[in-house]
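Engineer: Same order as they appear, the protein sequences are chains A and B. Under my numbering, read the first sequence as residues 1 to 76, first letter to last. Under my numbering, read the second sequence as residues 1 to 530, first letter to last.
Worth flagging that the hints you see were computed from the coordinates, not collected in a lab. Here a beta-carbon is modelled for each residue, glycine too, at the ideal position from N, C-alpha and C. There's no promise every hint is true.
As the list claims (entries may be wrong) - EDC-like, lysine to aspartate or glutamate: derived pairs with alpha carbons at most 20 Å apart: (1) B:Lys336 / A:Glu12; (2) B:Lys328 / A:Asp16; (3) B:Lys168 / A:Glu3; (4) B:Lys85 / B:Glu71; (5) B:Lys95 / B:Asp74; (6) A:Lys27 / A:Asp43; (7) B:Lys332 / A:Glu3; (8) B:Lys172 / B:Asp67; (9) B:Lys95 / B:Glu84; (10) B:Lys85 / A:Glu53; (11) B:Lys329 / A:Glu33; (12) B:Lys314 / A:Asp16.
Claimed, not checked - Looking from chain B toward chain A, a few residues come up when the C-beta cut is under 8 Å (computed): (13) Arg164; (14) Val166; (15) Thr167; (16) Phe318; (17) Pro320; (18) Met323; (19) Pro326; (20) Lys328; (21) Lys332; (22) Arg335; (23) Ser340; (24) Ser343; (25) Leu345; (26) Gly348; (27) Pro389.
As the list claims (entries may be wrong) - Covered stretches of chain A, as calculated for chain B (at least 3 residues, CB under 8 Å): (28) 19 to 32; (29) 36 to 42; (30) 47 to 58.
Listed here are the chains, written in short residue letters.
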Amino acid sequence: MEELMDILQEFEPGVDFEHCTDLIDGKILNSLEILSLVAEIEDVFDITIPTVEIVPDNFNSAQAMWNMICRLQEEE
Amino acid sequence: MTSYCSFPFLFLFLPAVIVVYQLMPEKKRPYVLLAASYLFFWLISGTLLVFLLFTTVSIYSIGKRLDREGEKRDALLKTAPRDEKKAIRQLCQKKQRRWLALGIFLQLGILLTIKYSGFFVENMNQLLKWQQIEPLIKVPQFVMPIGISFYTLQAFSYLTDVYRGVTKAEPKLSRLALYMSFFPGLMEGPICRYRDMAEQLSAGGKITYHQLTYGVQRILYGMIKKVVIADRLNPLVQELFDSGTAYDGGLMFVALFAFTCQEYMEFSGTMDVVIGTAQIFGIKMQENFERPFFSRTISEFWRRWHITLGTWFKDYIFYPVSMAGPMKKLTKNTRKSLGSYYSPLLAGTVALFCVWSLNGLWHGAGWNYIGFGMFHFMLIVLGNFVEPPVAWAAEKIGLNRDSVPWRIFQMLRTAFLVGMGEVIFRASSLHQGVQMLKTMLTSFTLGSVKNGTLFTLGIDRHDFLITGVALFLVLAVSILQERGIKIRDYIAGRKTPVRWMIYYSAVLFVVVFGAYGNGYLPIDPIYAGF
Numbered sequence: 001m002e003e004l005m006d007i008l009q010e011f012e013p014g015v016d017f018e019h020c021t022d023l024i025d026g027k028i029l030n031s032l033e034i035l036s037l038v039a040e041i042e043d044v045f046d047i048t049i050p051t052v053e054i055v056p057d058n059f060n061s062a063q064a065m066w067n068m069i070c071r072l073q074e075e076e
Numbered sequence: 001m002t003s004y005c006s007f008p009f010l011f012l013f014l015p016a017v018i019v020v021y022q023l024m025p026e027k028k029r030p031y032v033l034l035a036a037s038y039l040f041f042w043l044i045s046g047t048l049l050v051f052l053l054f055t056t057v058s059i060y061s062i063g064k065r066l067d068r069e070g071e072k073r074d075a076l077l078k079t080a081p082r083d084e085k086k087a088i089r090q091l092c093q094k095k096q097r098r099w100l101a102l103g104i105f106l107q108l109g110i111l112l113t114i115k116y117s118g119f120f121v122e123n124m125n126q127l128l129k130w131q132q133i134e135p136l137i138k139v140p141q142f143v144m145p146i147g148i149s150f151y152t153l154q155a156f157s158y159l160t161d162v163y164r165g166v167t168k169a170e171p172k173l174s175r176l177a178l179y180m181s182f183f184p185g186l187m188e189g190p191i192c193r194y195r196d197m198a199e200q201l202s203a204g205g206k207i208t209y210h211q212l213t214y215g216v217q218r219i220l221y222g223m224i225k226k227v228v229i230a231d232r233l234n235p236l237v238q239e240l241f242d243s244g245t246a247y248d249g250g251l252m253f254v255a256l257f258a259f260t261c262q263e264y265m266e267f268s269g270t271m272d273v274v275i276g277t278a279q280i281f282g283i284k285m286q287e288n289f290e291r292p293f294f295s296r297t298i299s300e301f302w303r304r305w306h307i308t309l310g311t312w313f314k315d316y317i318f319y320p321v322s323m324a325g326p327m328k329k330l331t332k333n334t335r336k337s338l339g340s341y342y343s344p345l346l347a348g349t350v351a352l353f354c355v356w357s358l359n360g361l362w363h364g365a366g367w368n369y370i371g372f373g374m375f376h377f378m379l380i381v382l383g384n385f386v387e388p389p390v391a392w393a394a395e396k397i398g399l400n401r402d403s404v405p406w407r408i409f410q411m412l413r414t415a416f417l418v419g420m421g422e423v424i425f426r427a428s429s430l431h432q433g434v435q436m437l438k439t440m441l442t443s444f445t446l447g448s449v450k451n452g453t454l455f456t457l458g459i460d461r462h463d464f465l466i467t468g469v470a471l472f473l474v475l476a477v478s479i480l481q482e483r484g485i486k487i488r489d490y491i492a493g494r495k496t497p498v499r500w501m502i503y504y505s506a507v508l509f510v511v512v513f514g515a516y517g518n519g520y521l522p523i524d525p526i527y528a529g530f
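The task is simple: from the sequences and hints, build the whole structure.
Structural biologist: The structure is reproduced here in C-alpha cells:
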C-alpha cells in the first residue's frame, strides 16, 4: 500500500489520497492521468490491468486501487 | 406528436399516462410505463417498432448467455487447482467474447445499414464517377426508427457491462424492454446505463406531490428554453444558414451566436422536459448538461455538454483503444523519455481520434459532421499538447490563471471556438460551413447591424428583446446553479403566495412570449434526427 501511496503522491502532490474517495467522480484524476497511472501500477506491481477494470469504483480511492491490485495479483 | 414540448405530448399523452399509472396497483405500474413507451414509439415511427423489439429480444437473449458463461466460469474456478485457473478464465472469456461480438454485430449492423449505407454508397458513387466508371450503385433509402442512435448505444452498453461483469443480465424481458424504450428518453436521450435505471424503472412507486411539482417545474423551465428562445430564433437561423455567405461577416457571427444559443436551448431545454417527466414517475435520469458555457477549455466543455454521450465514448471507445496492447506498450516505452504527462498523450491522442471520428459520425452521416468531430479533436489535442508550455509561460510572466478576468477570457474563447464548430455542424455541407467561417473572420463588419438588416431576417427588434430577456434569465439561473444554489428548493421554501406567483409568472412567460402559432415554425428536435 505504501508503494501505491508513493506513486499517487508523486502523481498529484496536493491531493489527500489517504482520505479522498472521489478521485474519478470528483474529477481529480482525468482520463489521461488514469492511462499514466495504469502504466505505472502495471510496472511497479508486475500485473496487467485489463480495460474491464477501468471503472470509477476501482480508481475512486487509494484503497480501491489497492484492492484491485491485490485481486489482480492473485488472479495472475 | 413531434417533440416533448408539443401540445399533444404535454397536454394529452403525459397527463393520460400519469392518470393511468396512478390508478394502477404498484406491481402493474412498470407495465403501464412500458405500454406507454411502446405507444409513444408507435405514434411516431409506426411499424418500425419491430426494430426496437428485435434489439430488445436479441440483447436479452445474448445477455443471458453471457451471464451463463460467467456462472460456469465461477463454478469451475471454485474447484479448479490454482495453476488451471488462468486457462479456465481465458477459455470462458473467449466464449463470452463470441457472444458479445454477435450482439454488437447485430446492433451495429442495423444502425450502419439504416443510417450510414446511403452515405457510404453516395461516396462510393462519387469515387466511381471520378474514375469514370458506370453504372453507379443505387443509393439505398431507409426510414429511421425514432431514437435508434440512442437506444443502440444503450443496447451496446448493456451487453458490454454484462460481459465485463459490471451488471448482471436481466432475467425479466419486460424490465429490459422498459429500459430500452422508456418514453421520456427515447427521442433524445440521455443515454442511460442499465445499472442506474433497472431498479428505478421497476419500482412502480406512487406519484407524490413533491415528484409532481418538481417534475412540472423542471418541464416549465425547459419550455422557456425551447419555446421562448430556441423556437423564436428559428427563422433567423434558417435564413442565415440557407443563404450561406450571401451576408457579411458580421451576420455570419450572428449566425454562429444564434445557432449555438438555439442548439443549447433546444437540447438542454428538451432534457429539462425529459428529466422532469421522468421525475414525475420517481425516476432519476442522468443529467446531460452541466452549464457547458462556463467551461474554460474544450475538454471541460465536453465533460459538461451531452455528458451521457461523452461518458459512453470514454468507457466504450477511449479506454478500450488507449488500453489496447500496442497503446499500452507505447505509453510504457515513452514514459521515461517523455515523462508522465506526454507519454499517455500519444495513446490518448490515437484514442481521441477514434472517439471524435465516431462522435462526428454518430451525429449524422455527412462530411460536415465528420468535420465537426475533427475540429473538436484538433482543438482538444492542441489544448493537451500546449498546456505545459502555457502553464510555464504564465508562471514566468506572473499571470494568475485562476484570476476572474483570465477565467472569463477562457470561457469566452471556449464558447467562440465551440460556436465555430457549431457553424460546421449546422451548415448544409462542410464547404458551406468553412466558407461561412471564412467570411466571418475575413470580412467582419457591423454594417448589417447598423443599417437594420439584422432585424429583417425573420425576427424583429421585439423578438430580439424577448430572446435577450429569456437568455438573461437562463444565465442568472445558471450562475446560481454554478454557485451550488438549489433554486427549486429555495422556491419550495417560500410562502405560498410568493411560490405561486413565481410559478404563474413562469407559465405566463411561456404562454405570452413562446414562439408558437401563426408566423412561427418550431424547430424539429435537433438530436431526435440523430
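Engineer: Run every hint past the structure and note whether it holds.
Structural biologist: Structure-based check of all given hints:
{"no.": "1", "hint": "B:Lys336 / A:Glu12", "result": "18 Å, holds"}
{"no.": "2", "hint": "B:Lys328 / A:Asp16", "result": "28 Å, violated"}
{"no.": "3", "hint": "B:Lys168 / A:Glu3", "result": "34 Å, violated"}
{"no.": "4", "hint": "B:Lys85 / B:Glu71", "result": "14 Å, holds"}
{"no.": "5", "hint": "B:Lys95 / B:Asp74", "result": "14 Å, holds"}
{"no.": "6", "hint": "A:Lys27 / A:Asp43", "result": "25 Å, violated"}
{"no.": "7", "hint": "B:Lys332 / A:Glu3", "result": "18 Å, holds"}
{"no.": "8", "hint": "B:Lys172 / B:Asp67", "result": "14 Å, holds"}
{"no.": "9", "hint": "B:Lys95 / B:Glu84", "result": "17 Å, holds"}
{"no.": "10", "hint": "B:Lys85 / A:Glu53", "result": "19 Å, holds"}
{"no.": "11", "hint": "B:Lys329 / A:Glu33", "result": "16 Å, holds"}
{"no.": "12", "hint": "B:Lys314 / A:Asp16", "result": "26 Å, violated"}
{"no.": "13", "hint": "Arg164", "result": "4 Å, holds"}
{"no.": "14", "hint": "Val166", "result": "7 Å, holds"}
{"no.": "15", "hint": "Thr167", "result": "11 Å, violated"}
{"no.": "16", "hint": "Phe318", "result": "6 Å, holds"}
{"no.": "17", "hint": "Pro320", "result": "5 Å, holds"}
{"no.": "18", "hint": "Met323", "result": "5 Å, holds"}
{"no.": "19", "hint": "Pro326", "result": "13 Å, violated"}
{"no.": "20", "hint": "Lys328", "result": "7 Å, holds"}
{"no.": "21", "hint": "Lys332", "result": "5 Å, holds"}
{"no.": "22", "hint": "Arg335", "result": "6 Å, holds"}
{"no.": "23", "hint": "Ser340", "result": "5 Å, holds"}
{"no.": "24", "hint": "Ser343", "result": "7 Å, holds"}
{"no.": "25", "hint": "Leu345", "result": "6 Å, holds"}
{"no.": "26", "hint": "Gly348", "result": "5 Å, holds"}
{"no.": "27", "hint": "Pro389", "result": "17 Å, violated"}
{"no.": "28", "hint": "19 to 32", "result": "holds (count 4)"}
{"no.": "29", "hint": "36 to 42", "result": "holds (count 5)"}
{"no.": "30", "hint": "47 to 58", "result": "holds (count 6)"}
Violation of the numbered hints given earlier is confined to hints 2, 3, 6, 12, 15, 19 and 27; the remaining hints are satisfied by the structure.
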